[in-house]
Structures are given as structure tokens and as C-alpha cells.
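J.: Below are the chains, spelled out letter by letter.
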Amino acid sequence: MKYKSVFDIIGPVMIGPSSSHTAGAARIGKMARELFGREPEWANISFYGSFAKTYKGHGTDVAIIGGLMDFETDDVRIIEAKQIAKEKGIRIKIREEESLTDHPNTARIRLGDKDGDIELVGISIGGGKIEIIELNGFELSLTGHHPAILVVHEDRFGAVAAVSTVLAKHKMNIGKMDVSRQDVGKMALMTIEVDQNVEDALLHELKALPEVTQVTKITD
Amino acid sequence: MFRNVAELVELAETNNKKISDIMIEQEMEVRNKTREEVFDTMERNLTVMEEAVERGLQGVKSHSGLTGGDAVLIQKYIESGKSLSGTLLLDAVSKAVATNEVNAAMGTICATPTAGSAGVVPGTLFAVQNKLNPTREEKLRFLFTSGAFGFVVANNASISGAAGGCQAEVGSAAGMAAAAITEMAGGTPSQCAEAMAITLKNMLGLVCDPVAGLVEVPCVKRNAMGAANAMVAADMALAGVTSKIPCDEVIDAMYKIGQTMPVALRETAQGGLAATPTGRELEAKIFGFSLNKKS
Chain A
299 MKYKSVFDII
309 GPVMIGPSSS
319 HTAGAARIGK
329 MARELFGREP
339 EWANISFYGS
349 FAKTYKGHGT
359 DVAIIGGLMD
369 FETDDVRIIE
379 AKQIAKEKGI
389 RIKIREEESL
399 TDHPNTARIR
409 LGDKDGDIEL
419 VGISIGGGKI
429 EIIELNGFEL
439 SLTGHHPAIL
449 VVHEDRFGAV
459 AAVSTVLAKH
469 KMNIGKMDVS
479 RQDVGKMALM
489 TIEVDQNVED
499 ALLHELKALP
509 EVTQVTKITD
Chain B
-6 MFRNVAELVE
4 LAETNNKKIS
14 DIMIEQEMEV
24 RNKTREEVFD
34 TMERNLTVME
44 EAVERGLQGV
54 KSHSGLTGGD
64 AVLIQKYIES
74 GKSLSGTLLL
84 DAVSKAVATN
94 EVNAAMGTIC
104 ATPTAGSAGV
114 VPGTLFAVQN
124 KLNPTREEKL
134 RFLFTSGAFG
144 FVVANNASIS
154 GAAGGCQAEV
164 GSAAGMAAAA
174 ITEMAGGTPS
184 QCAEAMAITL
194 KNMLGLVCDP
204 VAGLVEVPCV
214 KRNAMGAANA
224 MVAADMALAG
234 VTSKIPCDEV
244 IDAMYKIGQT
254 MPVALRETAQ
264 GGLAATPTGR
274 ELEAKIFGFS
284 LNKKS
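These protein sequence lines are chains A and B, in that order. If you're matching positions, the first sequence starts at 299 in our numbering and goes up one per residue. If you're matching positions, the second sequence starts at -6 in our numbering and goes up one per residue.
By construction, these hints were calculated from the structure, which means they are not laboratory data. Each hint should be verified, as a subset may be incorrect.
Derived lysine to any residue pairs resembling SDA-like cross-links, with alpha carbons at most 25 Å apart [stated by the list, open to error]: (1) K10(B) to N(-3)(B); (2) K354(A) to A98(B); (3) K384(A) to F280(B); (4) K26(B) to E370(A); (5) K300(A) to E3(B); (6) K412(A) to S344(A); (7) K300(A) to A(-1)(B); (8) K302(A) to N149(B); (9) K380(A) to H56(B); (10) K380(A) to T101(B); (11) K214(B) to N8(B); (12) K386(A) to L333(A); (13) K302(A) to N8(B); (14) K354(A) to R273(B); (15) K214(B) to K26(B).
Rough simulated footprint, nothing fancy, chain B against chain A, three-plus residues with beta-carbon under 8 Å [to be verified]: (16) 332 to 346; (17) 355 to 368.
Quick reminder that beta carbons are idealized off the backbone N, C-alpha and C, glycines included.
Let the sequences and hints guide you as you build the complete structure.
T.: Below you can see the structure in the form of C-alpha cells.
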């Protein structure tokens, strides 16, 4: 079941005019920022489907930009997000894409700064609910409804066991776990949804594992 | 956890509870929250709804200038005492319009279930409260009952105009409102489901064709009619009228109709009212060009 809470239906409290094209877009932007781990210096945003056709009328562009600056769906600063980003020196490029995607409300965001960049694909599935379905070429399914840990690691035996051993040591229960890889034997991405927010000590321990190259956490 | 309307109604009736009770208990369990926490969150949503209606009734205007001010016109007409369809019905209509006018003006609203359909549930609630004099808790229960039915639609069909057309947004909202009105007026859980079914049946096939891609024309007036539809359907269900097609099958039909709806009629501003000569003209005027002629 995609919708689990009554507040997915009665809510969110948000700046209009569209839950999918404004609130959902803000959440995709916010999730992108969280996955990047800091405020980006630049972002290239591509809109597909209904997003591409109607983003101006729905404020999808300002909402995503607001999200990249960590604004919530009900933050009135969303209306002025373009101006605020400009004042902060964040460079934004927006493209309307023609190609068809599986979901009509799709955005691809590449964001970064001098120290690095990430690319992700988010979809807005209705009523303000979103999913991140691709991260740096890995397929995943991230809703932001649970705290989660993302682990980029070498695709070889023992990696899953090593990570889950650390989680067990910290008494973390795994609610859901996905492993996705680009090619056999190369890099893979573990998406682990957990019940409580993740302590930094656990992240450091995961980072220290020989198979692991990168660790990111998503808070509830 | 209930998966469909039949299970929701059965859970309520076998335990001698209201639909709102089932939704509240499920929320406590799924989110691991106390009853008080769940009510507190809903209280905030209710407050936002009240503020939005209040603001809309004072008169707002959207940035495009396409919508705003109609809620005020309807309220003045009600005060004139000339209303043909009745004060309560028109009050619901004006308050649904008020909320959506605020939404179109990029104001703060609570999505129910979406922003484009955010007028129906609060519009009907703030109208029927004048007749039924509910307590604060009963008003919050109205929202939980709405949420319970919306929850089923969202999980078994869709609440996205881009995926299922306006029937998935205003259609769902109207069905949710009809069920909640029925409970507030003392109807049984079965009657709530009948009200939802009767409403949604009359919203089937409704396309999403916003002029210029804005959540304004025809969205604001569709919320008006969604509220009217919900009020009448609730009255019918309370009178004992039932739907020959069960609520879950109506929801399923809505989903399948949405899947076969052309993309031009699913929130792309390419068909329907958006593609009329006047729709195109308004679009060109607002953006200084036509979105679809630009490649």
C-alpha cells in the first residue's frame, strides 16, 4: 500500500496551487538536498510529462528550488524561491524534456558544488506524496516516510552481511532493504529503511567497512 | 489495516464503531502515536482549513487574474435570500470556492486529498456545521472519516489528476466529503459507503483539462460542484437510497476509466477546456505565448 497514513490524504498543509506539482515538487527538491547532504551551488532540473507541460502554472520550478534550499511545503518563501536562490548565488537551469517517462510527473535533478555532485530522478504520485526512483544511475524506491540509510558499496559477497552486522550491533531493526547494482561485480546501492533515526556513530562505522564507499542517511 | 471500503465498513459495524474510530485507531497503530498526538496533527490541518476559508470569503485574486472573488459573490447572493437551491447547499459551494481561490492565489491550504480538490471537504464541513452544531472533536472526526475513504481510493485507484483525471481528485474529494457528512449527520458506516458510491458514480469520467495548466479554470468551479454533489448524495444515503454498484467497484471503475483516459485529458493542458479557442487565448495572454506551440 503506497499510502499508509491518514495525513497522506488529509494533508499536507502547503502553499498552493497543486499538491503533486507544487508540494510534491518541493519534497523532491528537499529530498535531493538531503541526499546531497548540503546546500548545492548549482542545480540542473529537467521536467518530463505533465511537469514539463504545466510547471510554470503550478510553480513546480519555484517549489523544487525551494526544496533544494530546505523549505517545507508550507513555507511561504517558496513563492520567492527563484529570487532567494539568486541572492544566495545558487545557479539553476531548467529544461523541458519531450521524452516519455513511466510516470507523468517526473523530474531529474543534477545538483552539486565544487566538492561533488549527484543526479536523481523523483516522481510525484499524487496528494503530495513522492518517490525517488533513481540515484546516480541506481534504481531505488525512497519515499522519505521512514528514516533510511543509503550505502554505496562494492558488489561482492559479504557486503550485505557486513552492513547488517553493524546495524544489529547498534540494535537497529531493518524495515525494508533493497540492493540495486549497475553491473555485476562493480558498484551497488543498498537502501535500508529503519524504524528510528540514525546516529552518526553508526554511519562512521559503516563508512569504515572495506566494501563501503559512501553512506548517506535520510531522517524521518 | 483495512484494504477496501467493504473491510472498513465491516470493521466499524462488527465493533459497533464509527468509520472515524477505525481511521484514528489505524493511524495510532501505523505511526506509533498516541490518540492525542493524532488529534493534534489533525487539529493543525483543521485550523489551516478554517483560515483558508476565512481568507477566501474576504476575497482573493490569483496572479493570473483567472480566478478569485466568486466566493464573495455567492455569499452576498445567499444573504439576499433569493437562493433557489438552499442556503446550506450554496454555503458549502461558496466555502469550497473560497478555499480553491486561496489555493490558486498560492495561499496556504491543506490538501484534501490534493490541493486542486482542497475545497470540497472543508467547504461541506463548514456549511453543515451551521446545521448540525458539531463539537470540535466531531469536526476533527469529519476529517478522519474523509481520510479513511480517501485512503482506500489512493491505495486502490488514484488521487492524481495526471494519472486519473479530475474524477480522481474532485471525484475522490466529493466522495470523501459525502461519507463524512453522512457520519456527522448520524448515518451508519454502510450509509457512509453508499454516500461515497453515489457521489463518485456521478463524477466518473471527469477529465483534468486545466486552462494554461493552472489550477484555476475549471478547478475552482469543479470544487463547487463536487461540494454540491457530496451534499445531495449524503442526503440521498441518509434517506436510505443505496448504490446498486458497491462502493469498491465504483472506485475500481474510476481507476480503470482513468487508465484509459487520453494523456491530453490528464493534467497536460492539451485537451478539453484547455484546448478551446478561449482556453488557448487565455493561455497565450497569461504566458505571452502558447505553451504547446512552443517546442
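J.: Look at each hint and say if it fits the structure.
T.: Now the hints, each set against the structure:
1. K10(B) to N(-3)(B): 17 Å, holds
2. K354(A) to A98(B): 14 Å, holds
3. K384(A) to F280(B): Answer holds: K384(A) to F280(B) is near 22 Å, not above 25 Å.
4. K26(B) to E370(A): 22 Å, holds
5. K300(A) to E3(B): The given pair, whose Cα atoms are some 22 Å apart, holds under the 25 Å limit.
6. K412(A) to S344(A): Distance ~21 Å between K412(A) and S344(A) Cα, so the pair holds.
7. K300(A) to A(-1)(B): The given pair, whose Cα atoms are some 19 Å apart, holds under the 25 Å limit.
8. K302(A) to N149(B): 12 Å, holds
9. K380(A) to H56(B): 16 Å, holds
10. K380(A) to T101(B): 19 Å, holds
11. K214(B) to N8(B): Given pair K214(B), N8(B) is violated - Cα atoms ~39 Å apart, limit 25 Å.
12. K386(A) to L333(A): 20 Å, holds
13. K302(A) to N8(B): Holds, at roughly 22 Å.
14. K354(A) to R273(B): 15 Å, holds
15. K214(B) to K26(B): Given that 25 Å is the threshold and the Cα spacing comes to 38 Å, the pair is violated.
16. 332 to 346: Violated: only 0 residues of the region 332 to 346 of chain A have a Cβ under 8 Å from chain B.
17. 355 to 368: holds (count 3)
The structure is inconsistent with the numbered hints 11, 15 and 16, although it conforms to all the rest.
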